[in-house]
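Chemist: Sequence:
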Amino acid sequence: MNVRERINFYNSLATSSPVIDQKNKVPDKRPEARFRLSEGIIKICGKYNFKPIMRNNNEDTNINTAAKKIQSYFRDHLEKLENMDSEGLRNKKGFIKTTYHGNKVDFHNIQFYHHKEHRSVHMPNKICDGTEKGSFKKLTRKDDLFVALEPTEKDDLFATTNNFKDIKGAHRVKPGLAVSTTLIIARNAGMCVFDYIQDEKKDPIPISAFENAANDLKILHKINTYLRDIKPENTAYDGKNINFIDVDDRVSDNARGKDPKVKFTLHGAPKIFTSAYITNNLKDKIYNNGFRLSNNENIVNYLKSADEYAFLLTIIATTTTSDVLRDNIINSVDTDISTDSSSSAGMSYSENRDELTTWVNKHVKPEHKSKVDLLLSAPDKHAELKNKVYLSDILLFSGKNNHTIKIKGNYFE
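Residue numbers for the sequence shown follow my numbering, so the first one is 184 and each next one is one higher.
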């Protein structure tokens with residue numbers, strides 16, 4: 184950016200974020216612009232209890248002095264940024280790191296990351312013990328607003344593309360912002376569902392908490408965006424809603440579902456899944472032996488069913504009152520990500536007939552019984568149904584359903 188673009192960018196930051204020192208705001212050279220800035224300075228000082236420098240009792244002189252001081256500070260700041268560029272201290276993706284030294288005690292000495300295309304984020308101040316980690320990322324810091332993630336292995340690096348256009352409008356999807364190749368900062372979406380449901384002191388999560396997430400999944404599927412690795416470990420509960428987290432490995436259609444010829448953009452690993460939440464038949468329809476997405480012309484249907492199968496198992500494991508059913512889902516196989524096509528996958532339905540009957544009677548609309556049957560017993564066949572119905576359309580999020588069905592073998596009657 185040139186100097187004028189920098190000024191406009193930082194003016195915008197200064198008016199939109201309380202964590203940016205107000206000294207960084209630069210007035211326009213026009214008198215009326217300087218006057219508007221001066222009015223803004225007075226409002227800002229009042230809001231954050233700042234005291235502008237007062238040389239005498241002349242209000243106009245005091246305002247102009249404050250404005251000139253701000254301008255001088257910002258010019259120094261621009262020079263500092265230029266030095267950072269020349270020394271390679273700034274992220275090439277346009278992130279700027281600042282440390283807050285203002286009057287807000289809660290933010291004192293906290294590092295903020297700013298980017299003209301993304302909302303500002305800050306480094307959480309609470310250091311974690313490192314026990315919360317997955318195959319590729321580990322939680323290192325958190326606070327009430329943000330969590331910080333770093334690679335599990337030192338040699339692993341994060342992609343810094345930060346393209347979230349494919350999930351725009353899906354508010355229950357919480358992506359992480361890669362501010363560098365070794366640091367992701369994401370919104371704190373709540374407590375990990377996997378940890379939550381194993382804490383006996385916690386109140387059960389109601390199925391209504393899944394409704395908005397299910398609707399957002401429908402929004403994504405309509406534009407051919409698929410999350411690919413849904414499971415309790417990749418969902419979080421904020422006390423009201425279930426949120427999707429760790430969505431870096433999703434795939435999305437460049438045409439957003441408007442072109443029959445789907446051309447996918449990979450946002451992470453070419454091949455990703457968790458064995459407990461996919462079947463081998465479904466996996467073989469989605470991926471080829473080269474660990475790539477298959478050229479199957481119906482792959483979008485298989486990706487949809489894979490997401491819905493994994494999410495439905497997550498919902499059942501979270502909301503069931505049966506400890507046996509919950510354990511049989513989350514412990515059906517090693518829940519680490521697997522690329523071994525010979526590994527078993529999914530849970531055994533014959534061992535869970537009674538528990539599944541109880542859950543389905545309570546939470547599934549009667550007219551969609553057969554679709555639930557197919558999704559749970561053979562998700563690859565479910566993907567081949569001609570009449571496309573979304574998971575959000577088949578569940579009763581109020582939990583009220585007086586229609587009773589029975590299970591025989593692997594099928595609902």
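Careful: at least some of the hints might be erroneous.
[To be verified] DSBU-like mimics (lysine-lysine), calculated; alpha carbons at most 30 Å apart, straight line:
#1 351 - 405
#2 554 - 454
#3 423 - 441
#4 325 - 280
#5 401 - 454
#6 548 - 454
#7 351 - 384
#8 351 - 316
#9 405 - 454
#10 251 - 351
#11 309 - 401
#12 316 - 423
#13 320 - 385
#14 385 - 280
Don't read these hints as lab results, they were simulated from the structure.
Chemist: Run every hint past the structure and note whether it holds.
Modeler: Checked hints:
This hinted pair checks out: residue 351 and residue 405 have alpha carbons roughly 13 Å apart, not beyond 30 Å. In summary, the hint linking residue 554 to residue 454 is supported, as the alpha carbons are separated by about 27 Å, within the 30 Å threshold. Distance restraint check for residue 423 and residue 441: the Cα-Cα separation of roughly 34 Å exceeds the 30 Å cut-off, and the hinted pair is therefore not satisfied. Of the supplied pair hints, the one linking residue 325 and residue 280 holds, its CA atoms being roughly 18 Å apart against a limit of 30 Å.
Simply put, residue 401 and residue 454 have alpha-carbon atoms about 22 Å apart, close enough for the 30 Å limit, and the pair holds. Taking the CA atoms of residue 548 and residue 454, the gap is about 34 Å. The hint is violated against a cut of 30 Å. A hinted pair counts as satisfied when its Cα atoms are at most 30 Å apart, and residue 351 with residue 384 does not qualify at roughly 36 Å. Note on residue 351 and residue 316: the hinted pairing holds, with a Cα-Cα distance of about 27 Å set against a maximum of 30 Å.
Between residue 405 and residue 454, the direct Cα distance comes to roughly 22 Å. Compliance with the 30 Å bound is thereby established for this hinted pair. As the CA atoms of residue 251 and residue 351 are separated by approximately 41 Å, the hinted pair breaks the 30 Å bound. In summary, the hint linking residue 309 to residue 401 is not supported, as the alpha carbons are separated by about 35 Å, beyond the 30 Å threshold. Annotation: proposed proximity of residue 316 to residue 423 holds, straight-line Cα distance about 24 Å (limit 30 Å).
In summary, the hint linking residue 320 to residue 385 is supported, as the alpha carbons are separated by about 26 Å, within the 30 Å threshold. Distance hint between residue 385 and residue 280 is unfulfilled; the C-alpha atoms sit about 38 Å from each other, more than 30 Å.
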